[in-house]
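S.K.: Just so you know, the sequences run in chain order A and B. Here the first sequence stands for residues 1 to 375, numbered as in the UniProt record's numbering. Here the second sequence stands for residues 1 to 533, numbered as in the UniProt record's numbering.
What the hints contain is simulated information worked out from the structure, not anything from laboratory work. Be aware that one or more of the hints could be misleading.
Claimed, not checked - Straight-line distance between alpha carbons at most 30 Å, and here's what the computed DSS-like set of lysine-lysine pairs gives:
#1 B:K383 with A:K281
#2 A:K281 with B:K49
#3 B:K324 with B:K427
#4 A:K147 with B:K49
#5 B:K383 with A:K288
Stated by the list, open to error - With the Cβ distance kept under 7 Å, some of the chain B side facing chain A (calculated, not the full set):
#6 L39
#7 E40
#8 Q146
#9 V149
#10 L197
#11 M226
Just so you know, even glycine gets a beta-carbon here, dropped at the ideal spot from N, CA and C.
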Amino acid sequence: MDILQLLIIGLLGLAVIVAGTIFLARRRALPPATKRELSPQPTAPAPEAPEESTPAEPAAPTTTLERPEAPTTRMARLRRRLAGSNNPLARGLLSILSSDRLDADAWDDFEAVLITSDLGVGPTQELTDALRRELAIDGVADQASAKQVLRSELLKLVDPSLDRSLSVDGADGKPGVVLVVGVNGTGKTTTIGKLARVLVAEDKTVVLGAADTFRAAAADQLQTWGDRVGVPTVRGPEGGDPAAVAYQAVQRGLDDEVDVVVIDTAGRLHTKTGLMDELGKIKRVIEKLAPVTEVLLLIDATTGQNGLIQARVFAEVVQITGIVLSKLDGSAKGGIVVQVQRELGVPVKLIGLGEGVDDLVPFEAEAFVDALLSE
Amino acid sequence: MFDTLQDRLHEVFKNLRGKSRLTEADIDATAREIRLALLEADVNLGVVKEFIANLKSRALGADVHKALNPSQQIIKIVDEELVAILGGEARPLRFAKRPPTVIMLAGLQGSGKTTLAGKLGLWLKGQGHSPLLVAADLQRPNAVNQLQVVGERAGVHVYAPEPGNGVGDPVQVARQSILHAMSKLYDVVVVDTAGRLGIDSELMQQAADIRAAVNPTEVLFVVDAMIGQDAVNTASAFDDGVGFDGVVLTKLDGDARGGAALSIAKVIGKPIMFASNGEGLKDFDAFHPDRMASRILGMGDVLTLIEQAEKTFDAEQTAKAAEKLLGGRGEFGLDDFLQQMQAVRRMGPLSKILGMMPGMGQMKDQINNIDEREIDRLEAIIKSMTPAERANPKILDGSRRTRIAKGSGTTVTDVNSLVNRFFDARKMMQSLGGQMGGPGMPGMPGARRQPPRQAPKPKGRGKGVSGNPAKRAAGPAEPAAAAAQPEWNPADAFGLGKSGQPSDADLAKALGDFQLPPDLAKMFDQPKNQGPR
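Please model the entire structure based on the sequences and the hints provided.
M.R.: In structure tokens:
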């Protein structure tokens, strides 16, 4: 019951503080009214609606029904792509490890390289300590064995034992339901477009639900993706209730007996309680029809340490079951997912590798690490 | 939740009380904490190193200021350095001598360019310009549509001759838009370009071509506040590839610390001109270096807390409740508590809100373990009471408690513990209310260029100055109101009247520096230390 007391006291304390500050705010809000009507109040209450975002990414200018590439041939490209973008990391790490003397400075550099990949201070120190221990046992290593040690430590970090398959199969003849969530501009709509292509390539029937009713033209964007592969998109009025759209999409999925329903949601910052509640509602409403088999959280590879907080909040609200790391084709390395995966135990399942329509690939720990370390 | 810098430094300095001068070892220990804080805020590693080196040399030379304790002093130095980097070259938007002024937006995918174009359009319109938005993002499906919708919401015209979705040449569109603007007498043109990666040389070339075609007055680099260590790479890639004149930081309404701002300002040396911090088209503001500094250090939390509180709390109600609570006559009932609790919950997850309160650092673990359902249960219990019981919980006897437990689906033990804790907490608060009345303030005294402000804090330390709760409520408020005013100055809202308003910075600083009075902190510790469990 300790917590209870803490709560009550905390709340009371907050109330007192807040009372005081609000009192101040009201006071200062009154006098300086020279030309108020022109000035948008910086703290004006935000409307109850998700922020608009631009989960960008273009697509090929074709309008005919396309037959997407089968997923198996994608891995080769993943390796190439990752090797191209991330080599500085591998080179940096290896050159340090294989230098003649590993002194404190060298280890500092090593840490620095890891930190610049957004790995976070904690995992970085852990990895460095582990490597130091390993190398202390074996003595200073040549490049090949250093690489071997580094590989196994990195592999430990990304944990290949997690189940990374997408659960898109529903039970009892119901469709699998995939809910895609994330903050603004991580590429949800684009990823769903790509995901639909993957599913179509696997000969699954798909329905898309455009539950992003807030951002201008988000539903259009999704529909454009859907039309390219001949997948129907269920959409509602702009500004409508996203939960209703999601419900209709799943209903349509049930009626048409499709295999998978993929629901797009509006980007929402995890700090907006109202919007997070809305997300919770979407999930609850869907589950009246069919269980949600997969909740994918989109994390942009450029995201820094804030990614962990995002993941935590989203996990609390909708119990995410997988992570999609998008925009990994840039110079960012997306190291934040290591922390997310470790803390929440939610595996990275897919990665987005670029603007091409088939640039969504399954995440495979070993291939990923190999690609990181390939020269 | 990250520990705030203050909490960390508190650890470091716990044993250093009473020292008159900082030794090198002290500074090293501090520097380590600051380094971690900056890295966790996503500040670029190179920038952090340089920053720490500067800090060390400055801190070593400095005398210990009488009024500041060492941790405050270090924080002050850090803060000043940060503000210097962040706000070194603040400047307003340039307008071309001969219209049209051309503003080009560039950035990564998903950084918020299209939305920003709308915000910029609305803002320019409010300033008496006639802006034209140009849809030069022809790649992302329906980006053109999005801009059209955004333009419509902002009441600004959109030039979109091409349908987009991969059709059309953005360079051509951009070039034509200038002619269009000239003939139709628009005086500002905002060119929205497609998102692109720094390493994509083809698209960077395209951006450079667009730039060459429109010869922009300002090229703004739009960057997401959540970006991590890659910020510097990306920014330099854009600076090399396209070249930009200013930076716009978006999605500041999240809780990312935004260290990227510091990295970009430091490495590229381009000013951060605007901050976009919300969902509506009006949520767009000039950049405040001081606030950003506090935020990067994790000290701006109180300011954020207050801003959020202003949105969600009913001021009158809260003021009344606080008066009752501190009044000491047992007037504060469970209904008041319920109201406050609901208001707090509207602000966000409780663990986060409590975590924002400075001085709660030592209780982080407990705070993180708070189960929101626990609070649902509390609510259920209180809601199962009659109004009379809520107003005066003292009348709760055994049979009433049994009824309440049944009504709320809990046990009598739960009800008992809620009521008992409530009484305890209320008593605590009341004794607190008796103790503090004085406008003494912890930290941040006269080291500022400001004329002495008495107490920009809602609460002060200083024992026994006045036991009168009413006076307490009103006393500190007045000087603070004076100090706080500039922040609400309408002219300042868009960075126009930035000059001559130093106290904006001070306020943010003062609030950022806010600490729980030691008395209160002690109180908060009590349940942990002497609880009967």
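S.K.: Against each hint, give a clear statement of whether it holds in the structure.
M.R.: Taking the hints in turn, this is what the structure says about them:
1. B:K383 with A:K281: holds (23 Å)
2. A:K281 with B:K49: At roughly 46 Å apart (the allowed maximum being 30 Å), B:K49 and A:K281 break the hint.
3. B:K324 with B:K427: holds (12 Å)
4. A:K147 with B:K49: holds (28 Å)
5. B:K383 with A:K288: holds (28 Å)
6. L39: holds (6 Å)
7. E40: holds (5 Å)
8. Q146: holds (4 Å)
9. V149: holds (3 Å)
10. L197: Holds, about 4 Å.
11. M226: With Cβ-Cβ at 5 Å, under 7 Å, it holds.
In this structure, the one hint that does not hold is number 2.
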